[in-house]
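I would like the entire structure built from these sequences, with the hints used as guidance.
Number of protein chains: 2
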Amino acid sequence: MQMSGLLWTREELAQIRGHAHRSTQLGQSLSELREELDQALTAGVVVPGQGEPGSYEHNTHKHNAKLIEHAALMGRVMENNAYLDLSRDLLLGYAQVYRDMPFQVARNTNPPGKLFHQILNEHIWLLGASLGYSLLNGHLSADECEHIESGLFKPMLDMFTVTYAHDFDRIHNHGLWAVAAVGICGLVTGQDELVDKAVLGLDGSAGTGGFLAQIDKLFSQDGYYVEGPYYHRFAIHPLCLFAEALARHRPGLNIYERGGQRIGRSIRALLCTVYPDGRFPALNDASRSMDIDDEGVQIALAVHAGRYAPVPELVAMAAQQNGTWVHRFGAQLADAVENAPRSCHIPSVLLADGDGGQAHLKLGEGARRHHLVFAAGQHGMGHGHFDLLGLTFFSGGRERLKEYGFCRWLNVEPKFGGRYLPENEGYAKQSVAHNLVVVDQASQHGGNHRLADQCHGCIEKFVDRGDVDGLIAVCGSTEDAYPGVSLRRHCILLEIGRSEAPLLIDIVEAKGTGKHCYDYVFSPAGQIVRWWGEFSARDTLEVLGVGHGYQHLWVVGEQASSREHAMTWLDGDRFTTWHQYSEHPAEAMQLLVGANDPEHNLRHEKKIMSRVHAGSNLFVNVFEQHGYFDEASECCRNARPDLNSIAVKRLSEERIEVTLNFPQEVKSLSVDTGAAGEADYITYRGGDRRHD
Amino acid sequence: MQMSGLLWTREELAQIRGHAHRSTQLGQSLSELREELDQALTAGVVVPGQGEPGSYEHNTHKHNAKLIEHAALMGRVMENNAYLDLSRDLLLGYAQVYRDMPFQVARNTNPPGKLFHQILNEHIWLLGASLGYSLLNGHLSADECEHIESGLFKPMLDMFTVTYAHDFDRIHNHGLWAVAAVGICGLVTGQDELVDKAVLGLDGSAGTGGFLAQIDKLFSQDGYYVEGPYYHRFAIHPLCLFAEALARHRPGLNIYERGGQRIGRSIRALLCTVYPDGRFPALNDASRSMDIDDEGVQIALAVHAGRYAPVPELVAMAAQQNGTWVHRFGAQLADAVENAPRSCHIPSVLLADGDGGQAHLKLGEGARRHHLVFAAGQHGMGHGHFDLLGLTFFSGGRERLKEYGFCRWLNVEPKFGGRYLPENEGYAKQSVAHNLVVVDQASQHGGNHRLADQCHGCIEKFVDRGDVDGLIAVCGSTEDAYPGVSLRRHCILLEIGRSEAPLLIDIVEAKGTGKHCYDYVFSPAGQIVRWWGEFSARDTLEVLGVGHGYQHLWVVGEQASSREHAMTWLDGDRFTTWHQYSEHPAEAMQLLVGANDPEHNLRHEKKIMSRVHAGSNLFVNVFEQHGYFDEASECCRNARPDLNSIAVKRLSEERIEVTLNFPQEVKSLSVDTGAAGEADYITYRGGDRRHD
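Going down the list, the sequences are from chains A and B.
If you count by numbering that gives the first Met the number 0, then the first sequence holds residues 0 to 691, one letter each, in order.
If you count by numbering that gives the first Met the number 0, then the second sequence holds residues 0 to 691, one letter each, in order.
In short, the hints are calculated from the structure, not lab data.
For every residue, glycine included, the Cβ atom is placed at its ideal position computed from N, Cα and C.
One or more of the hints may lead you astray.
Said to hold, decoys possible - Some chain A residues near chain B, calculated using beta-carbon distances under 10 angstroms: (1) Q14; (2) R16; (3) C343; (4) C454; (5) A536; (6) R562; (7) E563; (8) E633.
As the list claims (entries may be wrong) - Quick look at which bits of chain A chain B covers, simulated, 3 or more residues with Cβ under 8 angstroms: (9) 89-103; (10) 403-416; (11) 597-604.
Claimed, not checked - 20 angstroms max Cα-Cα, derived SDA-like pairs, lysine to any residue: (12) A:K605 x B:A524; (13) B:K605 x A:E633; (14) A:K605 x B:G92; (15) B:K605 x A:H603; (16) A:K65 x B:E633; (17) A:K61 x B:G92; (18) B:K605 x A:G525; (19) A:K605 x A:D572; (20) B:K605 x A:H448; (21) B:K153 x B:G92; (22) A:K605 x B:T8; (23) B:K61 x A:E633; (24) B:K65 x A:A524; (25) B:K65 x A:H603; (26) B:K61 x A:S632; (27) B:K65 x A:V45; (28) A:K61 x A:V45; (29) A:K605 x B:Y627; (30) A:K61 x B:Y627; (31) B:K65 x A:Y627; (32) A:K605 x B:V554; (33) B:K61 x A:Y627.
Written as structure tokens, this is what we have:
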């Protein structure tokens, strides 16, 4: 086996070449890279000076690291010397200027680099440049190698491991990039001591820093990453690259077996969070558009297929990607995709983490399938949102109950340099920005990250009978999110024959000592069609509250206090009706996000809130999807919901019976948190004929 | 030539059959119809009773007329007797019940039918059923024919021509459906006297009613239809079908030559309004999603290709359609599409109508090309909006300056039965809902349709130098929209080298006697990025005004009075910056649509307003598109605009010079409405180096 670069042999490069000019995933990636490189050849080598985040200089440096890697790789794959020369000339250009370049000014808690304001970007840069350099083996003179290694790589490595030694051993996604960059550069330049530091940490113990400690500590037993999918896909990128480099060049480490195949678990944990449209749910700080075409996800899928197994649901997901890793595993995956069925069963998953965890309830197949995310695990450190027992729901191609996501215009320079905006703390992280019950108009754990990090939710039940009677349920609770109040939530997806989409039955039990204000809130997308019952619209919009995100909400209108509410909205081609039964009379409000936002950092989105003042309360909600609307063809069906009313009985302290009255039939369901087994937790009787 | 149905010969049906199982436009239509019919065969024949608009019954009757036509046509095309039987059984089912069915209750000014609440739907029903019946020739027994003609067609025809004789001769899109339905049924059932009535009107004069009078009076010389594209595409459907029937069966009428080829002009006039993405601009009452896949548009395109010429821009448009007419002309068009280039030059067009008209300024090719619509023609009768000198602008795949469209949830039964909502008069039609200058916070012509119908705007200049120096301009004016105030607007699209998209330079001259309030308003889509300069956000949102649509606008915030304003927004992958110079200091406001809307009939959209109190004022606006943003890949470029400032000089009463100061250069442009020729109207000097 003759290596032609750190991660590619000659034979593998030839295998990859076989996909050129084909319409496979790998063929797509190759033609995109060719287009990028041909444009770059026309533009020539440009090594700019220093600039602000989001500036031309910043963007060009980022792009140049990609070019160094892509040009070297495609030079080898396509046997094109012009590409190899481009990679070489870029490296030489940086080697010329890097040593004498001054440090940038720090803009956040990250130490500054030279090319970039935060060292993280410089780690990413080195990793890409090192991979590219490894592929130029044999294309560079000894002088050129010396020039690049001493002028560029050495000062970078010194900066990372000496100047910022304090940052190198941090167990964090940034730390993972640091060790992967240093380790890969060490392997490429033959510096074993650097590789050891990267693997074992600066102290060589593998206990407090380095790649092995990162693998052990950064992910739960199930591979769950506490910051959420958005940062998980970012962390998995260096995780997979460095693992693959070590698997090839330090096979004795058995890296893919480490921690009970922790890397494989982590890849599966990430991928099981993906919505049917390929986007990641925006749990914790996250954009609403990050998807499986992210480079790290492409690599992770390929690595899983190559090093663990090409399991059917991952191959089905790969088929949704617009490209794959340019690597033998990408080639294998592309071949697997060609031979795989279009659709397959996607199992529901509970990602445990101690007593808590994150549940992913899934029903159906294909792009219009259903996926409910229920969060009852850890907080998520500095990127955590106060969203314990929060849910999001994706169905029929759209997120029906939405996450707001982060408040950040990433890389948009005029928006605070593209960094997190004040409204991220002020609104996006606060409990009221999510789909849950807020107590006393305050965020969970008082909105205190340190406190929240010490707590987590508890998953009490998890039942997957999707294949049996079309029912999936989860029950979670928290005792410590609010002093003196316990919250328990049951989320049930239930397929009923009449409709393409399952009902979402959402039961929240709030129990407090003394009197509290309980706000059941959710975020629908699209247009309100109608509130069933009288609705008073406000002429003048006033702010709802004074803090914890309430200061960013206007009240658009309300319904009088009642134990029953219903409201229908339209999003895309489908109607959804929210039906609520509340134990105590609740005032329902329609809200609008965007108050107290002088810099236009928030999106004007709708929220619905149902408010009760009581010691305890039980909210039983049914989200019924129905009908069809296509404006262009002027076609509409079933714009009214089918469900007439909800009746609720408390059979005991822990047993709740919910009866759904449809025009032609009655469906009845009970939950019993006290039941010993999961089989007895939920009882469902459907299809009884009504006798009136 | 053996007719197998009114519009199809055996040979033509064979030609159509040749497209089955192919991926041509016609092949697509055939497979969609097959799918529809196979579902219908499974469901069986269902003839329901009477129902509300948007109800199951209403929808089923509508669908059944389609089924009768489609099943007969596909039965002949695919030589499938099951389809022919389905068509027959549906006709027999209706013949069984129709005569004794009571009349519905009228819901608007339209007389009621039996199947539907408005007679219009019953006309459409008869037209489709008659075409289907014509194709069953030879498949029905004499008894069956007698049963269908006496039980179904005769009572319908009596209703249309006797009971509602007063409505039959109306020159209106409804009247066009009436004569087409009666004429086509008359041709199919061999009742010449009915055909004569449909062609010449009830009095036989061709002067006040009937198809010939409709052709002469409903469309301007240029084929422009006063109600706007949304109703034009609805009127063109019966226009083309009946014309084609007469061309075949009354060739002596030379129908396609009538009125200087008025039908061909009308088709071209409609199609030249289409945006690059295939949707129609929402001028006057219109949905924002109606597009060229509407059945009427598919037929019109095919008829133009077959009866006039398959001109390149229409073939390019046909290539964007997802189907075509199942007819020999559809087959010809599908063949033409296969052999046509993907993209072609789309010419700018001025649709004249007396002194006024509608200008369509077009630049570029392909899906990201640019299209500005400027309205300075007639009002549009009951569907007219008070939008004289209004503009909309489509560029880079999106409408950048938006039309609100109608306020109607078509066929959504819980929204006022799917009919026009009160907010259509209250907001959507009002001047402030458009992109223009509103005077004294009132709509044009006092919001009086009758007055507005007697007036129209005036096009003063129209210059297309797109091929020469990338400049297209139009100038229009009105003297009578407001008493004592004249308004003139210049819209200029100007390609400048630096950017993919042209600048839109928008100059409004308002001249009044006495003091007035001038509100320059426009509707951006997407997210506000930044107001350049200090912006005060309101905590509490108050209503802007008391009538003419102002009661539906909240004030979100404002900038202090100034002669210069700039604001950047992001929509899709592109930024747009609005730069304004105002002769007198203007107060700029950010507004939100949706106040005083207790029924949730309005969409919460943004508006920008710049307000001046003065006798006269000159607003010079530049809309600069710039940069790129893709959140998923976290890539952003050029989020700041390039244009530094605008300087304006009045060189004479009619000559205005605008200087655009960019960092590296100055561009200067002047308009002179007093210039004799269009060549001298606009002077442009670009690319001068700056001397400071």
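Results of checking the hints against the structure:
1. Given the 10 angstroms rule on beta carbons, the hint for A:Q14 is violated: about 27 angstroms separates it from the nearest Cβ of chain B.
2. Nearest Cβ of chain B to the Cβ of A:R16: about 26 angstroms, over the 10 angstroms cut. The hint is violated.
3. Taking 10 angstroms as the C-beta contact cut-off toward chain B, the hint placing A:C343 at the interface is violated, the least distance being around 25 angstroms.
4. Annotation: A:C454 was flagged as interfacial toward chain B, and the flag is violated, the nearest CB pair being 32 angstroms apart, outside 10 angstroms.
5. Below 10 angstroms, beta-carbon pairs count as interface contacts, and A:A536 has one with chain B at about 4 angstroms; its hint therefore holds.
6. With its C-beta approaching chain B no nearer than about 23 angstroms, A:R562 sits outside the 10 angstroms limit, and its interface hint is violated.
7. Here the hint on A:E563 is broken, as its CB sits about 18 angstroms from the closest CB of chain B, past 10 angstroms.
8. A hinted interface residue such as A:E633 counts as satisfied when its beta carbon comes closer than 10 angstroms to some beta carbon of chain B; here the least separation is about 5 angstroms, so the hint holds.
9. Counting residues of the region 89-103 of chain A whose beta carbon lies closer than 8 angstroms to any beta carbon of chain B gives 0, which falls below the threshold of three, so the coverage claim is violated.
10. With a threshold of 8 angstroms between beta carbons, the proposed coverage of the region 403-416 of chain A by chain B holds, since 7 of its residues qualify and at least three are required.
11. Counting residues of the region 597-604 of chain A whose C-beta lies closer than 8 angstroms to any C-beta of chain B gives 5; at least three are required, and the coverage claim holds.
12. With a CA separation close to 17 angstroms, the supplied pair A:K605 and B:A524 stays within the 20 angstroms bound.
13. For the suggested pair B:K605 and A:E633, the alpha carbons sit about 26 angstroms apart, so the restraint of at most 20 angstroms is broken.
14. Proximity of A:K605 to B:G92 is assessed by CA-CA distance (about 48 angstroms); at most 20 angstroms being required, the pair is judged violated.
15. A distance of roughly 10 angstroms separates the Cα atoms of B:K605 and A:H603; the hinted pair therefore holds under the 20 angstroms criterion.
16. For the suggested pair A:K65 and B:E633, the alpha carbons sit about 14 angstroms apart, so the restraint of at most 20 angstroms is met.
17. For a cut-off of 20 angstroms, the pair hint linking A:K61 to B:G92 is broken: about 70 angstroms separates their Cα positions.
18. Distance hint between B:K605 and A:G525 is fulfilled; the C-alpha atoms sit about 16 angstroms from each other, no more than 20 angstroms.
19. Straight-line distance between C-alpha atoms of A:K605 and A:D572 comes to about 18 angstroms, which keeps the hinted pair within the 20 angstroms bound.
20. A distance of roughly 35 angstroms separates the Cα atoms of B:K605 and A:H448; the hinted pair therefore is violated under the 20 angstroms criterion.
21. For the suggested pair B:K153 and B:G92, the alpha carbons sit about 15 angstroms apart, so the restraint of at most 20 angstroms is met.
22. Under the criterion of a C-alpha separation no larger than 20 angstroms, the hint pairing A:K605 with B:T8 is inconsistent with the structure, at around 56 angstroms.
23. Among the hinted pairs, B:K61 with A:E633 is consistent with the structure: their alpha-carbon atoms are about 12 angstroms apart, no more than 20 angstroms.
24. Distance restraint check for B:K65 and A:A524: the Cα-Cα separation of roughly 34 angstroms exceeds the 20 angstroms cut-off, and the hinted pair is therefore not satisfied.
25. Distance hint between B:K65 and A:H603 is unfulfilled; the C-alpha atoms sit about 42 angstroms from each other, more than 20 angstroms.
26. Note on B:K61 and A:S632: the hinted pairing holds, with a Cα-Cα distance of about 13 angstroms set against a maximum of 20 angstroms.
27. For the hint linking B:K65 to A:V45, the alpha-carbon distance of about 62 angstroms lies beyond 20 angstroms, and the restraint is violated.
28. The suggested pairing of A:K61 with A:V45 holds, with an alpha-carbon distance near 12 angstroms, which does not exceed 20 angstroms.
29. Between A:K605 and B:Y627, the direct Cα distance comes to roughly 27 angstroms. Violation of the 20 angstroms bound is thereby established for this hinted pair.
30. At roughly 16 angstroms between alpha-carbon atoms, A:K61 and B:Y627 fall within 20 angstroms of each other, so this suggested pair holds.
31. At most 20 angstroms may separate the alpha-carbon atoms for a hinted pair to count; B:K65 and A:Y627 meet this at roughly 19 angstroms.
32. Of the supplied pair hints, the one linking A:K605 and B:V554 holds, its CA atoms being roughly 18 angstroms apart against a limit of 20 angstroms.
33. Distance restraint check for B:K61 and A:Y627: the Cα-Cα separation of roughly 16 angstroms lies within the 20 angstroms cut-off, and the hinted pair is therefore satisfied.
Checked against the numbered hints listed earlier, the structure breaks hints 1, 2, 3, 4, 6, 7, 9, 13, 14, 17, 20, 22, 24, 25, 27 and 29; every other hint is satisfied.
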